[in-house]
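Add chain B with the ligands to chain A, keeping to what the hints say.
The primary structure of each chain is shown beneath.
Number of protein chains: 2
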Amino acid sequence: MSIAAFRADLGDVPVEDHPRIVQQRSRDHYWYSPVLKAKLDHVSAEIVVSPRTQDEVKRVLAAAYKHKVAVTPRGAGTGNYGQAMPLAGGAMLNLMNLDRVVRIEKDRVRAEAGTVLEKLDNETRAAVGGELRFHPSTYRMASLGGFIAGGSGGVGSIRWGGLRNLGSILSVKIITCEEGPRALELTGEDVLKVAHAYGTNGIIVEAEMPLAPAYDWVDIMVGFDDFITACRFAETVASQESLLLKELSPCAAPIAQEYFNRHKSYVRDGQSVVLIMAAPVAVEPVLIYLAHYGGEVLYRSDEASEEELRRLPPIYELAWNHTTLRALKVDPTITYLQTRYPTLKHVEKIVSLLGDELPMHIEMTRQDGEVTFAGLPLVRYTSEERLEEIVRIHEDNECLVFNPHRYTLEEGGMKRTDKAQLAFKKEADPTGLLNPGKMVAWDDPDYDFNAGRAWLFQGLEPYAL
Amino acid sequence: MSIAAFRADLGDVPVEDHPRIVQQRSRDHYWYSPVLKAKLDHVSAEIVVSPRTQDEVKRVLAAAYKHKVAVTPRGAGTGNYGQAMPLAGGAMLNLMNLDRVVRIEKDRVRAEAGTVLEKLDNETRAAVGGELRFHPSTYRMASLGGFIAGGSGGVGSIRWGGLRNLGSILSVKIITCEEGPRALELTGEDVLKVAHAYGTNGIIVEAEMPLAPAYDWVDIMVGFDDFITACRFAETVASQESLLLKELSPCAAPIAQEYFNRHKSYVRDGQSVVLIMAAPVAVEPVLIYLAHYGGEVLYRSDEASEEELRRLPPIYELAWNHTTLRALKVDPTITYLQTRYPTLKHVEKIVSLLGDELPMHIEMTRQDGEVTFAGLPLVRYTSEERLEEIVRIHEDNECLVFNPHRYTLEEGGMKRTDKAQLAFKKEADPTGLLNPGKMVAWDDPDYDFNAGRAWLFQGLEPYAL
Ligand SMILES: Cc1cc2nc3c(=O)[nH]c(=O)nc-3n(C[C@H](O)[C@H](O)[C@H](O)COP(=O)(O)OP(=O)(O)OC[C@H]3O[C@@H](n4cnc5c(N)ncnc54)[C@H](O)[C@@H]3O)c2cc1C
Ligand SMILES: Cc1cc2nc3c(=O)[nH]c(=O)nc-3n(C[C@H](O)[C@H](O)[C@H](O)COP(=O)(O)OP(=O)(O)OC[C@H]3O[C@@H](n4cnc5c(N)ncnc54)[C@H](O)[C@@H]3O)c2cc1C
Chain A
1 MSIAAFRADL GDVPVEDHPR IVQQRSRDHY WYSPVLKAKL DHVSAEIVVS PRTQDEVKRV
61 LAAAYKHKVA VTPRGAGTGN YGQAMPLAGG AMLNLMNLDR VVRIEKDRVR AEAGTVLEKL
121 DNETRAAVGG ELRFHPSTYR MASLGGFIAG GSGGVGSIRW GGLRNLGSIL SVKIITCEEG
181 PRALELTGED VLKVAHAYGT NGIIVEAEMP LAPAYDWVDI MVGFDDFITA CRFAETVASQ
241 ESLLLKELSP CAAPIAQEYF NRHKSYVRDG QSVVLIMAAP VAVEPVLIYL AHYGGEVLYR
301 SDEASEEELR RLPPIYELAW NHTTLRALKV DPTITYLQTR YPTLKHVEKI VSLLGDELPM
361 HIEMTRQDGE VTFAGLPLVR YTSEERLEEI VRIHEDNECL VFNPHRYTLE EGGMKRTDKA
421 QLAFKKEADP TGLLNPGKMV AWDDPDYDFN AGRAWLFQGL EPYAL
Chain B
1 MSIAAFRADL GDVPVEDHPR IVQQRSRDHY WYSPVLKAKL DHVSAEIVVS PRTQDEVKRV
61 LAAAYKHKVA VTPRGAGTGN YGQAMPLAGG AMLNLMNLDR VVRIEKDRVR AEAGTVLEKL
121 DNETRAAVGG ELRFHPSTYR MASLGGFIAG GSGGVGSIRW GGLRNLGSIL SVKIITCEEG
181 PRALELTGED VLKVAHAYGT NGIIVEAEMP LAPAYDWVDI MVGFDDFITA CRFAETVASQ
241 ESLLLKELSP CAAPIAQEYF NRHKSYVRDG QSVVLIMAAP VAVEPVLIYL AHYGGEVLYR
301 SDEASEEELR RLPPIYELAW NHTTLRALKV DPTITYLQTR YPTLKHVEKI VSLLGDELPM
361 HIEMTRQDGE VTFAGLPLVR YTSEERLEEI VRIHEDNECL VFNPHRYTLE EGGMKRTDKA
421 QLAFKKEADP TGLLNPGKMV AWDDPDYDFN AGRAWLFQGL EPYAL
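Chains A and B, in that order, are what the protein sequence lines are.
According to UniProt numbering, the stretch in the first sequence is residues 1 to 465, in order.
According to UniProt numbering, the stretch in the second sequence is residues 1 to 465, in order.
You may find that some hints are simply not true.
The list cannot tell twin chains apart, which means a pair is met if one copy fits it or any two copies do.
[Stated by the list, open to error] Straight line, CA to CA, 20 Å or less: simulated SDA-like cross-link-like pairs of lysine to any residue: (1) Lys349 x Asp396; (2) Lys106 x Val218; (3) Lys106 x Glu284; (4) Lys419 x His292; (5) Lys106 x Val128; (6) Lys106 x Asp216; (7) Lys106 x Gly129; (8) Lys106 x Ala212; (9) Lys264 x Tyr299; (10) Lys106 x Asn122.
Source of the hints: derived by calculation from the structure; they are not laboratory data.
Looking at chain A on its own, in the form it has when it is part of the complex (with noise of 0.2 Å):
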């Protein structure tokens, strides 16, 4: 590979190989784990590459081709499993210049893989009425692309489920990485290929996704004295199809008193909170299920100074890896897991299990027609050893966890990789340069695909007769 040959091949497609820059944006949120901070903290790429648009990214693709160079894509940089750091080096394609939002129709809209979320429902609610079904914590920075290739789910999930969901994402139009690059409108099925693959199997330009109608949605943070009853209130709420809500997720104490810098206050002594988006409509019967299970209002937005409105971020700031983050601003050690819990049996079993060296913090989502308890626990950690001691006593006791302790795609459990998706990678991507070294499957020829394990982006496959 010839860095320097390959940028000449590059026009004026705007590039930057000021080495301290290029490290800088050779980073995502890896560090939120300790284990993947060791293994990756030397990781950088030689050059960014910004296109402007999508000729460009074709011209930088053939431009890589040729020169053998590798090409791992980034948005925001705010993937949290290592997905965009550039193991093999060579260019970073940085894609937040390809922002344009392309059509807006009443039910879905089509953007520019670098538009960033928050901007997109900007523009679909003045538009339409519409916003995205469900976003990520960091929807104020991370863009549709990197979410498409790099994120799950989020606010919204509980009632909408996941990307990983056939319809939650309408249609892909992808870069291939050859001689000639390609443009290819994936959908159906199809799209399943490159979701969750951290850009392993081409480079996303476009998307189209599908709207939910925009509410007002109101801001809820409630107090219990008791986690597990927290939980079964969260529980009950989630299972009322009549409750509109957007989000919903029981922290236990002492996580909002610790680490909710802004919203401490508002918390007593020992109390777990519920955070909770509701819409208008909800609010309400949400109170009345709260009065039933003896919790307590603790802030609402629509009963919030014009003060606290300015001074508090957005209770979806507090709640999915945002929980993570502001744990490890105050304490650097802390790191954290991704797990299901079958039933609140097993997630009461885990909290009497693991105490206090487990901060528990859940999000209620729904999967597959069930109410989850889909846990983002915090860890306080200690040795690599007994963080995976803490994966083993999840699964001994039928806890489901998705590691987010590893950069590939199969070995988190993120993604199952298939015939078809290697098929599809070497159509896309023969010569193996789009983010080398995340799919097990692309270098391991002997990589058994039945490796029985639970997996959080399964295709459709189960589904099957």
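Then chain B with the ligands, alone, in the frame of chain A:
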């Protein structure tokens, strides 16, 4: 009671006392049930009163109170448990003239009780692009008040649950039956007192309902050679939160062939069908699942000719109790049950036990956080004893039956009454004039509220700690 004196007090409120017309207006769809038909065939009111304003409703109720005249409210009379049959004679209170749409907001609508549901949707669609979350399949006839007082859910319950869920009705305004009738506005939990109470505890004059976004729903009918595969497909599709559906109903062969007169030419011999209403964004993914399960598209409205669109009724008029209605029109000996099958295995068991005596009809719904097989199986009726036996066979196999061959709230398992509701009836109808004979708890002072059984409308109690 003196009907003449009552009538004299009504001023110019329109009345009708021609016995044939009164008898005709004293009937609902009780004849769905051969059991109810035998029991209620003789029932008739003596007069029909048709107030045009809420003040006139007050005047009618004051006169009824003064002259001790029983009052049975009536919307379109499409209830099919004999809920609106005037057991004690007296007056039918026809609410259909109260049909003003009071207020349309972005996420809710307030209208008078006699508003026909389809008309309501037409107005909210035009004004704010919203529609009722769900409606009975009698959409084109049924009234808002009759739906709240006598219905439970329907087209849309696959996404939004039912009327029994807190938050499905935002507010109800009732008029009490007292010396000086009062208007009471019920919100929050209090709404559950009048939901599905058959008008026994107040006359609904207005209600406020949440709106869902309106879509150009696509009617689809698909076919399978095997009914259980059809159900499996339906369960998978229902379980995908990403698939925005309004209706999903598997009907076993030969239901479509024998009873869906205008659709039967699309169906091959032996095929079981699934009736679907899908949002445009959901059509493609639904068809992908269809292919996975080996099903076949028989009809889709988005590809139908003008002539087909004119000729065919909407898909929802094949579903819910319209399935029964269509069967009854062809074969008057047919009746039905209302059931709930905990899992597909239970459906399979009942189908294997009862075969063609019970042509299976399932409505996929979401209830309390779960995808549910709500059954409305047809029954080839032979005798009341055999019908009871079929109920027992269900119960012996852990399948719930909400018996639609009962006209009281409690006996059918439709609504759990409790002390609070009884107390409310004492307040709103102290002398028991409203729809007498429909609330066992009122007539039987020894009624055991805790009679252990499953209730469709169970109130909030089960969720309390
Ligand atoms: C505080 C915090 C909170 C978070 N909350 C959530 C959450 O709620 N839900 C959730 O799912 N995730 C969450 N994440 C993870 C991450 O933010 C999201 O996945 C986000 O959508 C990533 O977007 P990005 O633009 O930052 O992508 P990046 O981090 O830049 O990239 C993510 C992956 O996609 C690839 N990629 C980027 N752009 C393209 C493209 N155009 N074509 C092909 N591949 C591409 C990259 O190579 C990388 O593998 C969170 C992370 C943090 C740090
Ligand atoms: C073909 C068919 C299909 C059906 N499908 C469904 C379905 O999908 N889902 C469903 O839930 N039901 C269904 N039903 C039952 C029924 O149609 C619905 O419940 C419908 O909403 C009743 O409305 P209505 O105006 O006809 O009420 P009515 O039949 O006139 O009255 C229903 C009950 O409410 C009382 N009532 C009426 N108006 C008032 C008022 N203003 N204040 C107080 N009490 C009042 C009556 O006394 C009676 O007890 C169906 C029935 C038929 C015949």
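Status of the hints after comparison with the structure:
no., hint, in the structure
1, Lys349 x Asp396, "within (11 Å within a copy, 34 Å between copies)"
2, Lys106 x Val218, "between (24 Å within a copy, 15 Å between copies)"
3, Lys106 x Glu284, "between (29 Å within a copy, 17 Å between copies)"
4, Lys419 x His292, "between (51 Å within a copy, 18 Å between copies)"
5, Lys106 x Val128, "both (6 Å within a copy, 13 Å between copies)"
6, Lys106 x Asp216, "both (18 Å within a copy, 11 Å between copies)"
7, Lys106 x Gly129, "both (8 Å within a copy, 10 Å between copies)"
8, Lys106 x Ala212, "both (10 Å within a copy, 14 Å between copies)"
9, Lys264 x Tyr299, "within (11 Å within a copy, 57 Å between copies)"
10, Lys106 x Asn122, "both (14 Å within a copy, 18 Å between copies)"
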